[in-house]
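Colleague: Residues per chain are reported as follows:
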Amino acid sequence: MSAAETRPRAPRRRGASPLAPWLLLAPALLLLLLVLGYPLFHLIQISFQNYGQSQLWGFIPPSWVGFANYSKVLGDSFFWQVVLRTIGFAAGAVVLTLVLGMLVALLLQKVSPFVRTLINISLVASWSMPIIVAVTVFKWMTDADYGVLNSLLSKIPGVHMLGHDWFVNTWEGFAVIMALVVWGAVPFVAITLYAGLTQVPGELEEAARLDGAGAFKVFRHVKLPLLKPILVMLGTLSVIWDMGVFAQVYLMRGGHPEPQYQLLSTYSFNQGFVTGNYAAGAAIAVITVLLLLGVIAVYMRQMLKIGEVE
Amino acid sequence: MTDTAAGTARAVHSTPASIARPALRRRNWGRTAGKSVWNLIGVVVFVVAGFPVYWMLNTAFKPAKDAIDANPKLFPTSVTLDNFSRALNISDFWGPVTRSLIVSLSTVAIGMVVGLLAALAISRFAFRGRKVVIIGILTVQMIPLVAMVIPVFLLLNDFQQTNKITGLIITYLTFVLPFTVWTLRGFIVNIPKELEESAQVDGCTRTGAFLRVVFPLLAPGIVATSIYGFIQAWNEYLYALVLMDQHNTTATVWLGNFTTQHGTEFAPMMAGSTMMSVPVVILFLLVQRRIASGLTAGAVKG
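Residue numbers (my numbering), protein chains in the order written: chain A, 5 to 314; chain B, 48 to 349.
With the rest of the complex left out, here is chain B:
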């Protein structure tokens, strides 16, 4: 309302000498009034999109008996940590989490070393077959994981690698490696080649120029790509489900089995979900902006 009043007052005071101005002012008034409508819609979007996350946290901290209420309270009245200790005790929690950590960290470590070399090759060298390599890596990225479950299972079965962490690491490279190559390529391309060339003019070898000039500039990109790759590996469900036994499972499968093992205990289940997602959300917050720009830099330019 105040916006409207101020807008009208200003319009009245405007001198007839300036013809363009009243129109401009009216548009400004329209914009501020419009803006509060947009803001209102924005808050609705915030509430709707954020609600599932809120509901998870709300249930996780509720006393378990409050969770089984046909008319649940939207806001917490009492807060407890019991659900978290219950979730930790329902079945082995740290085993699956440790396995997930080992698998994700190893996958990322291998993926980054191998992927960085490949990304350098396709972004800094012109060679015959470069295009074929790019098409190959892109195609590979597009193959749905689900289609590969059966042959990967049979392959690992042949080498007695099912139910082994090494098998899972090798398998996770199928999606972490192409992603790493493609994203790092995006980051490398954004570093001007002239920097490298001037270092070479100053007497650096090609490798030296890379290590002294490009690598430091690339470091944030490498960190972001590693974290994102880590999250992908950490979140993987299907391969872990197929390749690992029940007592040798990873964190995602542990959470999926929650309901069937001990009936459905909703409040501890949400506590488990919270424990699974909080570290991921924090890591993700650190890198999402960089990853989004790295992934789309090329697309926007093209």
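Chain A with its partners taken away, still in its complex shape:
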């Protein structure tokens, strides 16, 4: 590797030693290695060990058990229910978030400035609400006895919802939780997509319209392709966030989600900190990370492309 081979974006400068970037990176890399690298290694390690309360307190040293934790977890039909429920929940939440976010972004382009400001206020307010606050508010709104949701629905003629408990039926319960997740996630998607839409050159749209394209065709063939990179990023982030939904379920169910409300995140937490079987919890966490790796790969390719452009 001679100096001539280095990329043009890095002209050789006076005093720039090849060590400089590594010195700048060192603190960050060391910290990440300590706070993430080691725990990740430890996570994989204990997923192959016998690790419970006795090992935690140091009464018994952990012993290697090979794939026993995995075969136990994977051989449990309940685990597969949780996996399917988590994937179904995440898929529903991601699709809803992206579709609603896109619709709101397109709407923002159509409305007059005053209405746009109104929508922006509500979007930013719900975006910035701490998750914990949002959960508390939704719990209050869907309260069986005093919740405003039941009261509002009961105002529709022929509907009697007073005293209705939304969490008896898991479909209804997850609908509430999904509404909560989507309500919190749409603003980021909508505002980001709106920012992207404003960068779509007007001439392109005009040209498509002159060629006879309607609103939908302009969207499909002009706007969508240009927004694709943003959509991939938003989609990936949404998948990762929605697969990791924890506080929403945990708190909505008062800190003790019933079996039919367990998602991978709460189940792993439950196995570790409630049952005291840290090894099983770790195995479930490793499986979750592996499930997400596929999604991450797509995102990574996208980000690397961006890195190359710069």
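Source of the hints: derived by calculation from the structure; they are not laboratory data.
Backbone N, C-alpha and C define an ideal beta-carbon position, used for all residues, glycine too.
A couple of the hints might just be wrong.
[To be verified] Facing chain B, from chain A, some residues (calculated, C-beta under 8 Å): (1) Pro25; (2) Pro31; (3) Val39; (4) Tyr42; (5) Leu127; (6) Tyr150; (7) Ser269; (8) Ser272; (9) Val278; (10) Gly280; (11) Met304.
[Unchecked claim] With a cut-off of at most 25 Å between alpha-carbon atoms, the simulated DSS-like pairs for lysine-lysine come out as follows: (12) A/Lys159 <-> B/Lys120; (13) A/Lys232 <-> B/Lys178; (14) A/Lys309 <-> B/Lys240.
[As the list claims (entries may be wrong)] Here are some of the chain B residues that sit facing chain A, going by a computed Cβ distance under 8 Å: (15) Leu167; (16) Val193; (17) Asn204; (18) Phe206; (19) Leu285; (20) Gly303; (21) Phe313.
Mind docking chain B on chain A? Use the hints.
Modeller: Relative to chain A, chain B alone:
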């Protein structure tokens, strides 16, 4: 209606000489009529999206007895601050808030210093392994926090750092640091390299050029990133729940425990929620536009 009438009148008055114009005018008419429909939908979106926030504030300022009504009034009839004093007295409020402040501020301070150096390295230097570092930082950002709770707890347990603020700060760096590096990188990339290079031509050292030229331009980005990082740390729930004892908890966990400790007092609970979110909302309003553009600048360009 007036739009329609005006549009028709204008269309009638148009001269037949201009062929393109009537079509253009009809489209304008269609646009204004269409616009009020869009505006109407927009107002509906505003109401639906804003309702939970409104309902929180509405309950927080209601007399507590009005909150437990099966048919709650949509608009307040009387306003009180009692719920706020009740919320402050239900259990220690300032302790958790102080701890949250210490943890969030320390996390951001460490994250910013360390993150800025790293962001500089990956955005202003070409070196072997740069790509690997970028992939590493991105991957790390993608690991779900939930997956890491068990090993982080065990790690801190080994070092007797559970239930200690230092342990929580170190833990919060797992998500604040990668985010900081990646966002600052976005801001640095947007500052033209030529500025630095011309300063160097004028005799500045590389460090001097950075401090005099880049740093001032980067300052707003640094402020925005810090505030956003602060909000993330302030809002974190899971690690605080696992790592801290009940009497040593942070603000988010304090709010989560509200119901179980003293039955459910809805009105004070909403007052507590309001107190938790108002500072966050204000900080967030200050930076959200900048953060959104910083995060997506690269994506839009690519």
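Colleague: Does A/Val278 pass the interface check with chain B, least Cβ-Cβ distance below 8 Å?
Modeller: 11 Å, violated
Colleague: Please work out if A/Lys232 and B/Lys178 have their alpha carbons no farther apart than 25 Å.
Modeller: 23 Å, holds
Colleague: Minimum Cβ distance from B/Phe206 to chain A below 8 Å?
Modeller: 11 Å, violated
Colleague: Answer holds if the nearest beta-carbon of chain A is closer than 8 Å to that of B/Phe313; otherwise answer violated.
Modeller: Holds: closest Cβ of chain A sits about 6 Å from B/Phe313, inside 8 Å.
Colleague: Keeping to a limit of 25 Å between CA atoms, is the pair of A/Lys309 and B/Lys240 held or broken?
Modeller: The given pair, whose Cα atoms are some 20 Å apart, holds under the 25 Å limit.
Colleague: With a cut-off of 8 Å on the beta carbons, see whether A/Pro31 makes it to chain B.
Modeller: 4 Å, holds
Colleague: Minimum Cβ distance from A/Ser272 to chain B below 8 Å?
Modeller: 7 Å, holds
Colleague: Let's test the interface hint: is any C-beta of chain A closer than 8 Å to that of B/Asn204?
Modeller: 7 Å, holds
Colleague: Mind checking the CB of B/Leu285 against every CB in chain A and telling me if the closest is under 8 Å?
Modeller: 6 Å, holds
Colleague: When the nearest CB of chain B is found for A/Tyr42, is that gap smaller than 8 Å?
Modeller: 7 Å, holds
Colleague: With a cut-off of 8 Å, does the beta carbon of A/Ser269 approach a beta carbon of chain B closely enough for the hint to hold?
Modeller: 4 Å, holds
Colleague: Let's test the interface hint: is any C-beta of chain B closer than 8 Å to that of A/Met304?
Modeller: 6 Å, holds
Checked against the numbered hints given earlier, this structure breaks hints 9, 10, 18; the rest are met.
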